[in-house]
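Peer 1: Here's the letter readout for the chains.
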Amino acid sequence: MITVNQIAQLVNGTVMGDGDVPVKGLASYKYAEEGDATFVLSAEDLEAAAKSDTSCVITTEAVEGYPKTMLQVKDLKEAIVILYNAMREMKGPAKKGEIDPSASIAESAILGKNVAIGKNAVIGENTRIGDNASIGANCVIEKDVSIGNNTLLHPNIVVYDHVTIGNNVTIFSGTIIGADGFGFVPKGDKIYKVPQLCSVVIEDDVEIGANNCIDRGAFTDTVIGKGSKIDNLCQIAHNVKIGKNVLIAGMCGIAGSATIDDNTIFGAGVGVSDHTRVGKNVKVGAKSGITGVIHDNEVLFGYPARKVSDFKKLWGIETLMIKHYKKLKELILNMAKD
Amino acid sequence: MITVNQIAQLVNGTVMGDGDVPVKGLASYKYAEEGDATFVLSAEDLEAAAKSDTSCVITTEAVEGYPKTMLQVKDLKEAIVILYNAMREMKGPAKKGEIDPSASIAESAILGKNVAIGKNAVIGENTRIGDNASIGANCVIEKDVSIGNNTLLHPNIVVYDHVTIGNNVTIFSGTIIGADGFGFVPKGDKIYKVPQLCSVVIEDDVEIGANNCIDRGAFTDTVIGKGSKIDNLCQIAHNVKIGKNVLIAGMCGIAGSATIDDNTIFGAGVGVSDHTRVGKNVKVGAKSGITGVIHDNEVLFGYPARKVSDFKKLWGIETLMIKHYKKLKELILNMAKD
Amino acid sequence: MITVNQIAQLVNGTVMGDGDVPVKGLASYKYAEEGDATFVLSAEDLEAAAKSDTSCVITTEAVEGYPKTMLQVKDLKEAIVILYNAMREMKGPAKKGEIDPSASIAESAILGKNVAIGKNAVIGENTRIGDNASIGANCVIEKDVSIGNNTLLHPNIVVYDHVTIGNNVTIFSGTIIGADGFGFVPKGDKIYKVPQLCSVVIEDDVEIGANNCIDRGAFTDTVIGKGSKIDNLCQIAHNVKIGKNVLIAGMCGIAGSATIDDNTIFGAGVGVSDHTRVGKNVKVGAKSGITGVIHDNEVLFGYPARKVSDFKKLWGIETLMIKHYKKLKELILNMAKD
Chain A
216 MITVNQIAQL VNGTVMGDGD VPVKGLASYK YAEEGDATFV LSAEDLEAAA KSDTSCVITT
276 EAVEGYPKTM LQVKDLKEAI VILYNAMREM KGPAKKGEID PSASIAESAI LGKNVAIGKN
336 AVIGENTRIG DNASIGANCV IEKDVSIGNN TLLHPNIVVY DHVTIGNNVT IFSGTIIGAD
396 GFGFVPKGDK IYKVPQLCSV VIEDDVEIGA NNCIDRGAFT DTVIGKGSKI DNLCQIAHNV
456 KIGKNVLIAG MCGIAGSATI DDNTIFGAGV GVSDHTRVGK NVKVGAKSGI TGVIHDNEVL
516 FGYPARKVSD FKKLWGIETL MIKHYKKLKE LILNMAKD
Chain B
216 MITVNQIAQL VNGTVMGDGD VPVKGLASYK YAEEGDATFV LSAEDLEAAA KSDTSCVITT
276 EAVEGYPKTM LQVKDLKEAI VILYNAMREM KGPAKKGEID PSASIAESAI LGKNVAIGKN
336 AVIGENTRIG DNASIGANCV IEKDVSIGNN TLLHPNIVVY DHVTIGNNVT IFSGTIIGAD
396 GFGFVPKGDK IYKVPQLCSV VIEDDVEIGA NNCIDRGAFT DTVIGKGSKI DNLCQIAHNV
456 KIGKNVLIAG MCGIAGSATI DDNTIFGAGV GVSDHTRVGK NVKVGAKSGI TGVIHDNEVL
516 FGYPARKVSD FKKLWGIETL MIKHYKKLKE LILNMAKD
Chain C
216 MITVNQIAQL VNGTVMGDGD VPVKGLASYK YAEEGDATFV LSAEDLEAAA KSDTSCVITT
276 EAVEGYPKTM LQVKDLKEAI VILYNAMREM KGPAKKGEID PSASIAESAI LGKNVAIGKN
336 AVIGENTRIG DNASIGANCV IEKDVSIGNN TLLHPNIVVY DHVTIGNNVT IFSGTIIGAD
396 GFGFVPKGDK IYKVPQLCSV VIEDDVEIGA NNCIDRGAFT DTVIGKGSKI DNLCQIAHNV
456 KIGKNVLIAG MCGIAGSATI DDNTIFGAGV GVSDHTRVGK NVKVGAKSGI TGVIHDNEVL
516 FGYPARKVSD FKKLWGIETL MIKHYKKLKE LILNMAKD
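Residue numbers (the numbering used here), protein chains in the order written: chain A, 216 to 553; chain B, 216 to 553; chain C, 216 to 553.
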């Protein structure tokens with residue numbers, strides 16, 4: 216719990232009304248319960264929030280005589296971000312530590328304190344789950360998995376054997392961690408499978424969205440480094456090493472044995488070829504395709520990707536070529552005659 | 216139930232045999248039961264259908280003395296489409312309203328008449344499910360969700376809290392509705408999470424395929440408009456607003472806060488940048504990438520997308536450039552010398 | 216069981232130590248149990264493996280006095296691949312044939328010998344499951360499905376009605392087989408659905424990764440041919456016919472009614488337009504888009520794809536154009552003036 220006055224200090228805002236009101240969470244006014252702070256973007260929101268159960272309204276334009284405590288800030292979204300992250304650190308575990316009787320937990324599994332396990336979840340042999348961790352309904356966690364403290368797995372996730380997941384990790388529904396990597400060697404009319412003998416290591420503070428696939432390694436582990444965040448529907452192939460605080464937007468595909476260094480940012484739909492090495496602080500635009508060695512601090516765009524400054528030049532020339540299409544065609548054909 | 220004679224009127228066809236035969240459904244002859252109509256594409260199909268349990272064969276070429284009632288039409292696929300959609304409107308709910316005893320339904324959930332709930336499904340607190348709705352096996356529907364009448368959720372779907380789904384909606388397996396949007400702000404060596412405080416609204420008559428991700432909104436709801444259809448493996452990011460009767464083929468990604476207006480059609484694999492505004496009746500070719508403001512009725516292709524007419528000119532020039540590669544190279548190098 | 220001496224013959228290696236040691240499996244030294252062979256890539260691995268429970272270490276550089284039986288080979292990965300595939304053929308079914316009491320199996324379902332069914336799995340009416348097949352936890356297999364011998368379905372898979380899956384097939388978690396294809400016909404302000412009346416046939420020896428979508432056919436079945444392998448997050452649309460021993464890397468999308476002939480290989484993220492016909496032994500580079508008719512043995516790259524030799528020429532010209540950007544711009548503008 217934190218008071219509105221304390222929030223005001225945190226976000227450099229001004230309180231109107233009772234600043235001693237305690238705040239327990241943040242919510243849209245549509246769902247806000249007593250004790251929640253909310254935000255308003257418009258006059259309509261302001262009116263609706265007045266009738267809601269919210270305890271405090273955060274706004275850029277305070278009004279007189281409002282029936283709730285008001286907190287006026289300069290940048291609404293920034294204030295919400297600061298407040299949310301501060302409250303997250305203060306907060307305890309996401310769920311009460313209840314183990315649903317319909318869950319199936321192997322006798323050899325070791326559960327920490329206050330672990331929550333949802334309906335029909337399956338926990339395999341020798342799997343360890345840390346304190347305050349929560350496993351959602353219908354998750355299947357296979358054998359010899361290690362899950363850290365305060366880690367939150369949403370419903371319908373599959374974690375294969377020997378995967379290691381750190382502390383304070385969040386994984387959203389439908390994500391599959393540790394399925395076999397794709398390794399096949401055609402020889403004559405037969406296709407040999409390359410065994411996928413290693414597993415996946417997900418370090419602390421990682422967030423992984425929904426319906427992702429993070430494959431187990433073949434001869435070394437696949438690694439997602441501390442603090443990295445992955446959106447939805449991404450493919451992280453076998454043996455990939457992702458550094459710390461890397462941001463990967465939706466629908467990116469990182470092919471086998473690629474490495475991505477710290478603080479790099481990928482827009483949505485980026486493809487990375489196998490064995491590609493991407494440096495630190497690289498930025499890659501949406502739907503680009505990269506390969507080879509990408510040095511620190513590069514900014515790339517396109518398929519295949521070029522430096523963004525080069526891409527813009529190419530785009531400019533192409534636009535000119537389209538405009539003067541007929542003359543250019545003549546020129547090339549004449550040139551060819553010579 | 217409808218008779219073959221009634222179908223003949225609907226699709227402008229000619230009946231051979233007993234036109235009073237009742238038809239209850241449409242099926243491939245391989246699976247057809249008594250009362251099902253079927254279609255045949257070849258002489259082999261015709262022969263096999265004769266031995267099946269089907270009650271009526273729809274074909275473009277009727278034959279004498281066939282053992283089943285025959286309905287001859289000009290355009291087979293068109294006839295099937297008309298018939299299927301007409302029967303769909305006539306039909307009652309997809310499933311008998313049985314609630315499997317293995318399902319877990321919160322006491323505060325409110326179920327309409329004739330609701331079907333599959334094995335091991337989980338229904339959260341205060342969730343409302345409309346009349347004749349059906350929730351598949353192993354679905355997890357969180358708290359405060361609203362699901363309309365006649366809506367059909369296939370197995371293994373996750374719907375997060377506060378999502379609103381309208382009437383006559385169909386959602387296929389593996390789709391995740393309402394997971395957090397991807398919002399992170401790196402500051403120094405820390406990454407702040409932007410809270411995702413709003414939810415998802417899916418309007419009436421929407422169809423959503425398998426393994427999609429439709430994220431909850433951050434500061435406004437994500438909206439899928441009435442009658443829109445989404446194929447498989449698509450990413451609809453936070454705050455996206457999709458209009459009415461929009462068609463989105465597989466593997467499209469619509470980034471945060473983009474808006475797509477009514478009747479627009481996306482080929483497969485299209486990427487839409489964040490905050491892009493797409494007008495009405497726009498058509499975008501497969502795997503294109505669009506950004507900025509796209510006006511009504513535009514037809515676009517490419518990555519990044521151009522007007523399709525411009526793209527074709529560019530393709531023509533590129534083809535010429537490849538053909539006269541050596542001379543063109545010389546020309547550019549000579550030009551550079553001057 | 217096989218001895219190290221027998222393995223040495225298989226992979227053309229040299230044994231140091233007790234060659235009569237029996238080997239039951241392959242594992243990373245980190246997880247190896249007694250009876251497992253392991254591989255080492257480095258001096259550190261070698262030291263750690265010495266302390267593990269492994270029975271045999273495969274390496275390119277044997278050392279004197281090592282506490283485990285050692286098998287020295289020229290090419291470590293090749294040796295592992297050969298050994299793994301040989302052991303796979305020798306091995307029995309993946310799991311003990313146990314049917315978990317929490318599984319729900321329709322009375323009319325027909326199970327072969329030694330079938331394993333995981334927790335909370337649902338098996339529909341008239342579904343047949345072959346000898347030694349294994350269905351993972353939380354799978355939903357609908358009615359009238361046929362699953363062959365020795366086939367392995369991992370947890371959280373959905374298989375819709377009438378799907379046929381052959382022998383020795385492996386499917387990873389989150390994959391959806393047989394959801395409706397995407398067929399809609401807009402007419403005026405209404406959208407008609409094209410019925411998806413057929414199903415999916417998956418032939419023997421196919422491997423399908425995680426979170427894929429393989430849609431049921433509309434008027435003919437969707438077919439995945441014998442021995443083909445599909446990575447993760449792919450979309451195989453309705454009516455697609457994939458030949459034998461085709462390799463499809465992650466995130467590929469094959470649109471409706473396309474055909475892919477035997478031994479063709481797709482890199483990751485390839486898109487194939489609807490009704491495209493791809494010949495045998497074709498190779499398509501990552502993220503390419505192909506359409507029309509692709510002849511046998513072609514090697515393609517790009518979006519839209521060209522022959523890879525043409526693509527390289529175009530890339531070379533583009534690079535020159537970027538380098539001499541200013542002069543080229545002048546040239547085109549002067550040309551336009553004439």
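Hints are computed from structural coordinates only; laboratory data are not their basis. Don't take every hint at face value.
Derived coverage of chain A by chain C (criterion: at least 3 residues anywhere in the stretch with Cβ under 8 angstroms from a Cβ of chain C; other residues may be distant) [unchecked claim]: (1) 232-242; (2) 262-273; (3) 323-330; (4) 337-349; (5) 394-402; (6) 442-448.
Just so you have them, the derived chain A footprint on chain C, three or more residues with Cβ under 8 angstroms [claimed, not checked]: (7) 238-244; (8) 264-273; (9) 348-356; (10) 367-379; (11) 436-442; (12) 445-452; (13) 488-497.
Don't be surprised by glycine CBs; every beta carbon is placed ideally from N, CA and C.
Peer 1: Identify every previously stated hint that the structure contradicts and give their numbers, smallest first.
Peer 2: 1, 2, 3, 4, 6, 8, 11 and 13
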